[in-house]
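We have chain L; now place chain Y onto it with these hints.
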Amino acid sequence: MSYDISKMRNIGISAHIDSGKTTLTERILFYAQKIHAIHEVRGKDGVGATMDSMELERERGITIASASTNVTWNNHEINIIDTPGHVDFTIEVERALRVLDGAVLVLCSVGGVQSQSITVDRQLKRYNVPRLAFINKCDRVGANPFKVKNQLVEKLDLNAVLLQLPIGLEDKFEGLIDLVTMKAYYFEGAAGEQIREDEIPEDMRGEAEEKREELLDAASMFSDELAEAYLEGEATEEMIYDAVRRGTLERQMVPVLLGSAYKNKGVQTLLDAVVRYLPEPREVHNYALDLDKDEEQVELVSDFQEKTVALAFKLEEGQYGQLTYLRIYQGTVKKGSELYNVRSRKRFKVGRLIRMHADTMADINEAYAGDIVALFGIDCASGDTFCDPSLNYSLTSMYVPKPVISLALYPKDKKASDNMSKALARFTKEDPTFRTYVDEESNQTIIQGMGELHLEVYIERMKREYRAEVETGMPQVAYRETITSRADFNYTHKKQTGGAGQFGRVAGYIEPFHEGDYEFVDETKGGVIPREYIPACDAGFKKGMEKGALIGFPIVGVRVVVNDGSTHAVDSSEMAFQAAAFGAFREVYKKAGPILLEPIMKVSVDGPNEFQGNIYAGLNQRRGVIVSSNEDGSFSQVEAEVPLSEMFGYSTVLRSMTQGKAEFTMEFLKYGKVPQSIAEELIQEIRKKNEKSS
Amino acid sequence: MVRTELVKRSPLRLMEKSMHGGVGKGNIGILVSKKGIGKTACLVHIATDKLLQDKHVIHVSYSSRTDHIISWYEDIFKEIARKRNLESAMTVHDEIIKKRVIMNFSQEGTKTEQVLTSLRSMIRDGNFKAEAIVIDGFDFKKGGNDDLEQIKAFAVELDLEIWISTSMEQEELKTDKNGVPKGMQPYIDNFCILVNLVPEREFIRLQLVKDHGTIPNEDLHIKLDPKTLLIAE
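Chains as they are written, first to last, in the numbering used here: chain L, 1 to 694; chain Y, 1001 to 1233.
If we strip away everything but chain L, and leave its shape as in the complex, we get:
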């Protein structure tokens, strides 16, 4: 492959679950001639779509891991990152977005903008990703791409502009009218691979003219040249392409394309648009932090002659060992060359260098700035930065949310236990939102993650890929404790049992703190507590906050102010003051009105109106607060805030009470107070459990 960075595209395909993203990816690979037969996601031939490389995904018909694949279209190299659609795995989406230069937002022409599309769009906005919209499934009953386009404008606040018009809809969906060339295109042949250009059907001329005007009005905003030419009726295709491209890159415009991937319509024209409107790597600004210069921000240059900077954004356990997906931001990665892992501070040699196509791979010798490739056998974690050994750059840390749910694992036997450890080591490297630790008291292995489904998938993978037979405990919500009022402390730690004694006194108060988890303020005067012991006090309070007295969960939202104390010339030490602070906190905590907090999730349920009563009732029973409902024709979307502890098993309940016609997404919103009656029950329950185990 010859290297021309202007002909490189790194794109993601983001979508609501079931809007046909995997089918679309499959068609893209097909038309780019990488695979020779098209398999359906839930295929009758049992092969399954090529992008879903994991067995489990095949079974569930959803895409969990993002694999990157390379295709060639019109002399352009396109790397496609298939991103998962379910919100439980959004860290995967977020990580994929970090390495993308552009995205295609896939929408269903019937379902339109649903809750997941809103989440995905918010993520695209956060990472400033320019995007195209592809309204898929135009062949479905109830297809209405115009409605969906309006939803893009109204619900997502995007300047969405149609570039095409459908010729017929639902089962009469035949082809597309291109509003730039003003021609009709039909997709013929066994798999729509032959495109026939024709005149616009007579009865659609007027509509096409009208929509073209809308397009030109919108595009003119981004090009004076086009605006002038348009007024004089001399707008050329090139001018329009150029203006739309500018609007897209500035993220002021979202071109909308139409089609039906399943019926093999509109995929090639979408690929043309990807090449035409989405940015090449040099058009996107990427920054790194220079660790030698106090994390000063440095802009990276997409040039193969510069020193190498690359991001390991995805790890995968392949057939032949660990595969590390890499986005090269600057310089060249060569087989046999040396790179530096900034996090682990280790140098390593590049072994096999691979270009990926979903399940097959091609060995290459070098890859350049802007590209996405994979390395074999590198020991690293996902999110690591690889640099030329003379640099010490780190790509900005990615936003990683804290886990909200945990689960105890019980391996069936010794072998299962060993395999489980291997699996956990792998998963925690792949996914920063998935964590594990061994609980000191119970000696149980605990896993933590972002939701029930998130953990379930890993348990499944453990069984399948690692043959680790494990049983699981009940999911446990990550509660927190906090205080509600100010309370004073004055505590003396004193021990004199032979040898050197221990002495330290700390006094002050604790009070609720809303801006963060913890703040320590030293207001002592005149050295009543010697300077060198202040950090020990801080450490003692922090230690006290690790386990609350109510149910043993971490304490948050406390400001500690120390304003007095005393010391002893011989017996005071760091240890003594740390013990004093710890003791003071334990004592004062009970007086400061401690309460329990629980994670509250933002839940969004989509479903037909006929079930809204059931949906309301279900949320109400789960202590949910319904914030809003939005009815659009026969469909409604309900937004609610529900405690996570009440959401276990909700997917099954929702499915059964709506005949599988409703779906929901949830994400962590905030910590909220546990109602008194429930808090009491919880405290009782946990105390009983502790009594039993001791």
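No wet-lab data here; the hints were simulated from the structure.
Hints are not guaranteed to be accurate.
[Said to hold, decoys possible] Derived pair list, reagent style BS3-like, types lysine-lysine, alpha-carbon separation capped at 30 Å:
#1 Lys7(L) x Lys346(L)
#2 Lys1055(Y) x Lys602(L)
#3 Lys1083(Y) x Lys670(L)
#4 Lys429(L) x Lys590(L)
#5 Lys1098(Y) x Lys602(L)
#6 Lys661(L) x Lys1111(Y)
#7 Lys1078(Y) x Lys673(L)
#8 Lys591(L) x Lys1098(Y)
#9 Lys1055(Y) x Lys670(L)
#10 Lys1111(Y) x Lys673(L)
#11 Lys1129(Y) x Lys673(L)
#12 Lys1141(Y) x Lys147(L)
#13 Lys670(L) x Lys1034(Y)
#14 Lys543(L) x Lys689(L)
#15 Lys1111(Y) x Lys670(L)
#16 Lys591(L) x Lys661(L)
#17 Lys1177(Y) x Lys661(L)
#18 Lys307(L) x Lys335(L)
#19 Lys1111(Y) x Lys147(L)
#20 Lys422(L) x Lys349(L)
#21 Lys543(L) x Lys673(L)
#22 Lys1142(Y) x Lys1177(Y)
#23 Lys1129(Y) x Lys661(L)
#24 Lys147(L) x Lys1035(Y)
#25 Lys429(L) x Lys263(L)
#26 Lys1098(Y) x Lys673(L)
#27 Lys590(L) x Lys1098(Y)
#28 Lys1017(Y) x Lys1034(Y)
#29 Lys1078(Y) x Lys602(L)
#30 Lys1129(Y) x Lys602(L)
#31 Lys147(L) x Lys1152(Y)
#32 Lys1098(Y) x Lys670(L)
#33 Lys673(L) x Lys1035(Y)
#34 Lys1142(Y) x Lys1008(Y)
#35 Lys1152(Y) x Lys1223(Y)
#36 Lys495(L) x Lys543(L)
#37 Lys346(L) x Lys422(L)
#38 Lys1098(Y) x Lys402(L)
#39 Lys125(L) x Lys1078(Y)
For chain Y alone, coordinates are given in the frame of chain L:
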């Protein structure tokens, strides 16, 4: 100021005094004006006042998005809290928003019958104990007396106080000798309170056109502050 005091000193108490205690349960009150005068702000203020009294409120709207409406509530609450120096405003805020649901109907021409079915579902199935409903942007051209009667019956059945806002064109806002806007004349028997928002040079004046059985057409001596759009004396 504490919450109870704030409720007591609200300009809405003055308004209620002028209209024999307010709209009352099982009744409908209407706010009318031309577009862009501040009806939504007015309704949100009325709703927030109910919320501060610990009452549950449903806000019905016909717009494209619900987040705009939520920001109206945020703004109005912030203004009230600031102006009256409300104590522990954040806690009050977090408490009252649990008592508010926004029900939006984004498809044009959603039938009143459908809206009422959804409201009933929220109150019954969702166990949401609404005491008041505000309906923002009811279109009298699409739903006339039939719809009003349905809403009225609904208010009686579920013991609700309902406030409706509606926009009219300049022409329809012209009043007859009793002060009733032309556009409202056909419906005058189907609601009990009618307040006309009249733009003056510096502010918006609230004119009480209909008050239960009578047509007093009197100045309520309260106005909308043009900056904050809060109801003020």
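Now the hints, each set against the structure:
Taken as a hint, the Lys7(L) and Lys346(L) pair is broken in the structure, with Cα atoms around 34 Å apart against an allowance of 30 Å. Restraint check for Lys1055(Y) and Lys602(L): satisfied, since their Cα atoms lie roughly 24 Å apart, inside the 30 Å limit. For a cut-off of 30 Å, the pair hint linking Lys1083(Y) to Lys670(L) stands: about 28 Å separates their Cα positions. As the CA atoms of Lys429(L) and Lys590(L) are separated by approximately 39 Å, the hinted pair breaks the 30 Å bound.
Proximity of Lys1098(Y) to Lys602(L) is assessed by CA-CA distance (about 14 Å); at most 30 Å being required, the pair is judged to hold. Restraint check for Lys661(L) and Lys1111(Y): satisfied, since their Cα atoms lie roughly 24 Å apart, inside the 30 Å limit. Between Lys1078(Y) and Lys673(L) the alpha-carbon distance is near 23 Å, which keeps this suggested pair within the 30 Å criterion. Under the criterion of a C-alpha separation no larger than 30 Å, the hint pairing Lys591(L) with Lys1098(Y) is consistent with the structure, at around 29 Å.
For the suggested pair Lys1055(Y) and Lys670(L), the alpha carbons sit about 25 Å apart, so the restraint of at most 30 Å is met. Straight-line distance between C-alpha atoms of Lys1111(Y) and Lys673(L) comes to about 40 Å, which puts the hinted pair past the 30 Å bound. Under the criterion of a C-alpha separation no larger than 30 Å, the hint pairing Lys1129(Y) with Lys673(L) is consistent with the structure, at around 22 Å. For the given pair, Lys1141(Y) sits about 24 Å from Lys147(L) by alpha-carbon distance, which is consistent with the 30 Å threshold.
At most 30 Å may separate the alpha-carbon atoms for a hinted pair to count; Lys670(L) and Lys1034(Y) exceed this at roughly 41 Å. For the suggested pair Lys543(L) and Lys689(L), the alpha carbons sit about 24 Å apart, so the restraint of at most 30 Å is met. For a cut-off of 30 Å, the pair hint linking Lys1111(Y) to Lys670(L) is broken: about 37 Å separates their Cα positions. Under the criterion of a C-alpha separation no larger than 30 Å, the hint pairing Lys591(L) with Lys661(L) is inconsistent with the structure, at around 50 Å.
Using a Cα cut-off of 30 Å, the hinted pair Lys1177(Y) and Lys661(L) is violated, with the two alpha carbons roughly 56 Å apart. Of the pairs offered as hints, the one joining Lys307(L) and Lys335(L) holds, with about 15 Å between alpha carbons and a cut-off of 30 Å not exceeded. Proposed proximity of Lys1111(Y) and Lys147(L) is supported: the alpha carbons are some 19 Å apart, at most 30 Å. Using a Cα cut-off of 30 Å, the hinted pair Lys422(L) and Lys349(L) holds, with the two alpha carbons roughly 24 Å apart.
With a C-alpha separation of about 23 Å, the suggested pairing of Lys543(L) with Lys673(L) holds against the 30 Å cut-off. Between Lys1142(Y) and Lys1177(Y) the alpha-carbon distance is near 27 Å, which keeps this suggested pair within the 30 Å criterion. Distance hint between Lys1129(Y) and Lys661(L) is fulfilled; the C-alpha atoms sit about 28 Å from each other, no more than 30 Å. Between Lys147(L) and Lys1035(Y), the direct Cα distance comes to roughly 26 Å. Compliance with the 30 Å bound is thereby established for this hinted pair.
As the CA atoms of Lys429(L) and Lys263(L) are separated by approximately 39 Å, the hinted pair breaks the 30 Å bound. Among the hinted pairs, Lys1098(Y) with Lys673(L) is consistent with the structure: their alpha-carbon atoms are about 13 Å apart, no more than 30 Å. Among the hinted pairs, Lys590(L) with Lys1098(Y) is consistent with the structure: their alpha-carbon atoms are about 29 Å apart, no more than 30 Å. Under the criterion of a C-alpha separation no larger than 30 Å, the hint pairing Lys1017(Y) with Lys1034(Y) is consistent with the structure, at around 26 Å.
Proposed proximity of Lys1078(Y) and Lys602(L) is supported: the alpha carbons are some 23 Å apart, at most 30 Å. With a C-alpha separation of about 22 Å, the suggested pairing of Lys1129(Y) with Lys602(L) holds against the 30 Å cut-off. Our distance criterion of 30 Å between C-alpha atoms is broken by Lys147(L) and Lys1152(Y), whose separation comes to about 34 Å. Of the supplied pair hints, the one linking Lys1098(Y) and Lys670(L) holds, its CA atoms being roughly 15 Å apart against a limit of 30 Å.
Using a Cα cut-off of 30 Å, the hinted pair Lys673(L) and Lys1035(Y) is violated, with the two alpha carbons roughly 42 Å apart. Restraint check for Lys1142(Y) and Lys1008(Y): the C-alpha separation of about 38 Å exceeds 30 Å, so the hint is violated. The suggested pairing of Lys1152(Y) with Lys1223(Y) holds, with an alpha-carbon distance near 28 Å, which does not exceed 30 Å. With a C-alpha separation of about 20 Å, the suggested pairing of Lys495(L) with Lys543(L) holds against the 30 Å cut-off.
In summary, the hint linking Lys346(L) to Lys422(L) is supported, as the alpha carbons are separated by about 22 Å, within the 30 Å threshold. In summary, the hint linking Lys1098(Y) to Lys402(L) is supported, as the alpha carbons are separated by about 26 Å, within the 30 Å threshold. A threshold of 30 Å between alpha carbons decides the hint, and for Lys125(L) with Lys1078(Y) the separation of about 28 Å falls inside it, so the pair holds.
Checked against the numbered hints above, the structure violates hints 1, 4, 10, 13, 15, 16, 17, 25, 31, 33, 34; every other hint is satisfied.
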